[in-house]
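Novice: Listed here are the chains, written in short residue letters.
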Amino acid sequence: MLKPQPILDPAAHDAIRAIGQAALLSRVVALYLGESPKLIEALRSAVATNDGEALQRAAHTLKSSSRGLGGIRLGAVCAECESRVRAGRLAEAAQLLDAVDQEYALFEQALAITGVGAVA
Amino acid sequence: MDELTQSECVLLVDDDPTARLIAGAALESEGFRVESCSNGLEALTRLEAGGIDCVLLDVVMPYMDGFEVCAAIRATTWGAFLPILMLTSLEDAEATARAYEVGANDFAPKTTNALLLARRVQFLLRAKSTADSLRASERRLQRAQQIARLGHWEWLPGGGRAAVSESVGQILGLESGANLDFERFCSQVHPADVEMLRAAVEQAIGELGRFGLDHRIVQPGGQVRVLRHEGIVGRMDASRSQLTVLSIIYDITERRRAEERLEFLAYHDEVTGLANRVGCLEFLAEGLRRSGADSNRKVAVAVLELAGFRHVSNTLGDRRGIELVRAVAARLADVLRSPATSVGDLRVAWLGSERVALAGIGLEDPEHILPILRRVQTALTQPFPIAGAEVQFGAPAGVASAEESARDPETLLINAATAMLHARRNGPLACMFFAEPMNASAARRLALESDLRRGLGRDELWVAYQPRIELKGRRLVGVEALARWTHPWQGPIRPEEFIKIAEECGLIHEIGARVLRRACADAAAWQDRFPGVAVSVNLSGAQLRNIDFLRVLDGALADSGLDPRLLELEITESLLVDNSEAAARILAEICTRGVRVALDDFGTGYSALSYLRRFPIHVVKIDRSFVRDVLSSPEAATLVRAIVALTHSIGLHSVAEGVESLEQSQRLASYGCDEAQGFYFCKPRSVAGFLAWAESWQAAGDETREHRALTLQNR
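Just so you know, the sequences run in chain order A and B. Letter by letter, the first sequence follows residues 49 to 168 in this note's numbering. Letter by letter, the second sequence follows residues 29 to 743 in this note's numbering.
Note that these hints are calculated values from the structure, not bench results. Computed from a predicted model, the values in this text were never measured in an experiment. For each residue, glycine too, the CB sits at the ideal point set by N, CA and C. Check before you lean on any hint, since a few could be wrong.
Example chain A residues on the side facing chain B (calculated, C-beta under 8 Å, incomplete) [as the list claims (entries may be wrong)]: (1) A63; (2) I64; (3) A66; (4) I67; (5) G68; (6) L72; (7) V76; (8) L79; (9) E83; (10) R105; (11) T109; (12) S112; (13) R115; (14) G116.
To give an idea of the interface, some chain A residues facing chain B are shown, with a C-beta separation under 7 Å as derived from the structure [claimed, not checked]: (15) Q69; (16) Y80; (17) H108.
Bound-form chain B, shown alone (with noise of 0.2 Å):
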């Protein structure tokens, strides 16, 4: 006997004190401690105070009898696992049966000899024992499964007996999974999820294999959680009979959830909620995996260009340009969810770089997304009410479909970007299906244009002067600035070239002002040599549209400090017939800070004479193809004749731009035209080389200034 089961202590329950006494010693010879009642009610109240290892129990005893006693017992929180033999008499065949109906463990008949009833005794506790540590095992185990939201269920595929760990219950919302067959579960899964799971199932038992899959279930209180469900089938019982399955589920709820919240953010803007680059690929992907099997589902994609957005929410700044975008987003999904769009299967795109994308799939014909796309490039160009003022976007847009096109996504988005390039040309509301040829001079204009972007963060681009000489006293009176990029591997960049990438994409908004506050900076410095030598700077169309260009103006005199009459603006006719409401405005705010405004390229376009009296005009530069002909054309002559004689008339200066040779310079000098410029003088120089250029002519007498004009121009 070892110390632990000496101390176990054993109740006796007879009314036959004679049978208490032997079996009382027979025990406690064993090394039992023994406590004895002589009937049940004694004995209830002693088991319940605690401290019984294990009972032995009469039948045939006044006021209740054992079989009372015993399922009193097992009915209280304290007694389901206490051991408990039943003395039964050799006569009472029906007492065995009825001992173990109401829970006993075992039963031995009264006659037994004393000292085997004592070592009865010391197997049954033995077996309570294990039973114990196999329940503590057990409930350590269905605490792990509830921690994991974890559980396991085994069952018989033909129905009947099954196991079940109580967090099964836990996870089907159940009060209790006692009792879980296969159909009782899957009448718990959700009906789209039945036939997956039942196919699963089945095939496993076919196979005597493995099953494992993600299904969801519906809670009795309609709540639905995805479950990880796992199973093996296999006979698994000791003998190996019975056909079995063990299902392993756990409640994946929590990881989908952050599973999809992760897909959505890597196929999604974080910002407008609308799919990303990535996103728009992948919708595009499955449009023509589905249009493979069918040639009624066409797939077409739509980029468009929310020209000025990006310069617009640059200016809002972060929160005001979070509440633009969204206002963006907000918009295409109210399209999209307009009745009218019934077509197909639609989605708009935030491609970023103030791209937005409208894919369609399943299409019957790729030209149904055109009255969509229509309607989403009115969506997009009204106004957008933003910090108490308004705000308007251009949507050009270009269409690619996989019918006209490659068929991979990236090359169709790419297809439809290029198409919108070339739209954009033709306006806001411009809209351009995609053609092979474009490609060529569009894959160029796209390379260009993002190295321009590029260029603009590393300094590539840089402001060139080229001298004004006035023709009569051959005096430097002014210099016009210009904008050139010196591309890292390509070189130069035509300045026609860049400027209208730069005016398409809305860098020129950038381009423009420092171009600008550069030409102002350098003027200011130059002061000090060369008092009062202007500064002529360039402003395209779409800088004279801003009204946010009169900031960018004033910043630049002010920083710079130069005095506004050194400086003037040359702008070209037909920014006038465009915008000339908007342009006068802003042409009347320039003037009223003393800057002047020069008419470029006069002669060229309408040459209406009204701009010069309806606009507040100082300058006209005539034509450079005016000047080339002028000593070789006779209407050439007549036309720069009439120009200098009608702007003198009207009290503006004249100046010739082009000017290659001595012979044409005292043509126009000889015309009365004030001013001219050109190779004959001086090219286009860096700042450095301009002020060298400018030392020397200054230096020299009037004289020798032909000669070095022409050396000079020759370095």
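Okay, chain A solo, but in the shape it has when bound (with noise of 0.2 Å):
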């Protein structure tokens, strides 16, 4: 299902260097690892309650904010649980939370790993 991609494209982080602003990348990345688990949690909540539009809104935005600091393949995942939101496939959507977190997980390592975030 999924396409062996790269957990972390070094290339976002270029990107918002070359903004040329000291220390943005890690505000930014603290900024995301903060924000990312509240996105998580309302995933779960969203299919504990069945809310297809709270869903595909934390899914959405979780797959922005990972893109934009390079998270590929946890974008990827956040990309196909809310086109399946979309297509009304809700129960699918739900099968993807553990793929989330998995993800999520690698992701945040990977991130520790390149210096710019800290290891929960």
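Work from the hints to combine the two standalone chains into their complex.
Specialist: Structure (structure tokens):
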């Protein structure tokens, strides 16, 4: 189902560094690491309450922000989740929650390895 | 970055704080000020407060998605032209289409490199500033067009999209001129002008050329306006493929009204509103043009003279004069309005100089104008109430038709006037058709008439005096005052000729009054040297009919201070025949003033003896024809004797006119005739000449007077 893709695309980080603002990348990563657990939590509660709209929005936001920081695989799982909800396949979307957890953990580690994020 | 773009403020609307942080940093690094909102409602509130130059808008957000926010911004008064860039997902292909629909200026995938996004905003803001100045320039143009009541309108001949300036709607009286196609425009064009417009436009389209015309439109409220409509046809779009018509329309209603007013004044008399001479000529010219194509459309014109009008109008003064002119015009208009006058096309014109024209064009027969002319004459000769009294005019008329005389309007009018000059001898309601032989004599009369008017103003008229001698004592007892006119280049004009013209055209009142005043003044002046020498002045029929004459007489007596008993007025018998009642009244008035009345040319007319009893007459003047023959013809001699005897028997004085010899004067004396005048004694002279003659006459003894008479006469 998922093609072999990088967990973290360094080009995204280069683009943020290119803006030229000191410590911008670390600030963005810190913000990302603070916001993402809330979004994952929102995914779970949306599945629990069977709220498709909330599920789609949370998946979308996590997708965008992850991609913005080079989280290609996490972004792809979120995108798949989002598109299943849009197609009305809520149950199938819910099956992706574990994959989201898994990919998030990997991405978090990758960020730590590149030295811009801390491991929880 | 220049100063202007540095101060521009971008609003980031995104629920993802990381996205806001990255984009915000990128925009700031490019010199923008950045504000951000995490949802649409917050964004709308912020935008309403103002100061935002550009919006970056995420699509997926809680409460309101980006499309809804964008549409809401566009619906506001402040947000119609605000640059909006929408951030869409890679997966959502529909999003770009929706972004366009809701009015976003541009879109970018969310994954776009943040620095590129900032560049994109720069492009957007530059496009906005170009559009702003274009809109400002359009607003200025629209404002200028509104002021000029001018609108431009670009349309496609086959229908479809059209570009219309705001003022077009206003000119047409529509709420909006939007989507105005040619058919819609034509539906507002005055029905009578639509074909003309279509034809002009069609031709211009065929030739890829221009058109230009004035046409009327009818506004939805029914108001009619006049437009100037100019157009050019061409392929004006960038690709030069689409045939387009560019129309410029402007409202020329006011200008047209002013022009029409000017034109009206050029062709109409301002006081009466009737056509003037130029308007009459124009009407006739139109009739002649039409009659060229159709032999059943004939042209005729009548000229009427309101005999006595000018005199009355001058006497009344300006205000009443205008009232009178308008009353005349109203009667003319009434006649033309009556249904009985539905023959051809008729018009009355006020030619000035107390003349009126009745022109008929498109007549089946020129004579069809005659019944209408008769009605006009009847209407004009009814009394006019004015200033608490009534005045009445004659209305003799002359008619000319294009059949019998020249075919140019000017000559037609002159010919009708010529015929009128002949007609007016036959009374106030006379009418005559123009005939060619009238021309020569009429031309001279016409010329003399206008010369006489001018001459009056230039003192070309003067008074000559011829002495009257008492036959018994050879004493100078009186003088006859005679009107003389020395034409500036024709020399002296015979009094019979110019007095007749003056009577016909009404100038006799003024000439008569002048002669009377001059004679009274001269006679009063010579009383010092020749006491008791009276003056006699000829009175024409027209003067005697005019009640105003008594005022003139009183004025002349008062101004000169002449003893009324030293004034004698000479009238002819015909006056008594024509107008005996009125004449009797005026003669009686004259007598109460002590002025004497002489009956001139006695023996030539009816010579009804009853006149001598019925009217207050003091003197009888024996006509020169009897005096001429008194030596050679026994009949003439008998008549003269009888007249003298008769006048004496009823206590009147007799005067012989035209005495040319000593023998004649002796014979008249032997019959008992009281006085005589003639070349034998003295020809008519200027006042100075007469006074010189009188001096020497007085100075000479009885014996030598006969001799002096002869020598003076031949000087």
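Novice: Now look at each hint and say whether the structure bears it out.
Specialist: Results of checking the hints against the structure:
1. Of the supplied interface hints, the one on A:A63 holds, with its beta-carbon coming within about 5 Å of a beta-carbon of chain B, less than 8 Å.
2. Restraint check, A:I64 versus chain B: the minimum CB separation of about 6 Å is within 8 Å; hint holds.
3. For the restraint placing A:A66 at the interface with chain B, the shortest Cβ-Cβ distance is roughly 6 Å, inside the 8 Å limit, so the hint holds.
4. With a least beta-carbon distance of about 5 Å to chain B, the hint placing A:I67 at the interface is held under the 8 Å criterion.
5. Hint status for A:G68 relative to chain B: holds, with the closest Cβ pair at about 6 Å, below 8 Å.
6. A hinted interface residue such as A:L72 counts as satisfied when its beta carbon comes closer than 8 Å to some beta carbon of chain B; here the least separation is about 5 Å, so the hint holds.
7. About 5 Å separates the beta-carbon of A:V76 from the nearest beta-carbon of chain B, less than 8 Å, and the hint is met.
8. With its C-beta approaching chain B no nearer than about 5 Å, A:L79 sits inside the 8 Å limit, and its interface hint holds.
9. Taking 8 Å as the C-beta contact cut-off toward chain B, the hint placing A:E83 at the interface holds, the least distance being around 6 Å.
10. Annotation: interface hint on A:R105 holds; nearest CB of chain B at approximately 6 Å, less than 8 Å.
11. Interface restraint check: A:T109 against chain B, minimum CB-CB distance 5 Å, threshold 8 Å, status holds.
12. Hint status for A:S112 relative to chain B: holds, with the closest Cβ pair at about 5 Å, below 8 Å.
13. Here the hint on A:R115 is kept, as its CB sits about 6 Å from the closest CB of chain B, short of 8 Å.
14. Because the smallest distance between the Cβ of A:G116 and any Cβ of chain B comes to about 6 Å, under 8 Å, the interface hint for this residue holds.
15. Satisfaction of the interface hint for A:Q69 is found here, the shortest Cβ-Cβ separation to chain B being roughly 5 Å, below the 7 Å cut-off.
16. The beta carbon of A:Y80 comes within 5 Å of a beta carbon in chain B, closer than 7 Å, and the hint placing it at the interface holds.
17. With 7 Å as the threshold, the beta carbon of A:H108 comes within range of chain B, its nearest partner Cβ sitting at about 5 Å, so the hint holds.
Violation of the numbered hints given earlier is absent; every hint is satisfied by the structure.
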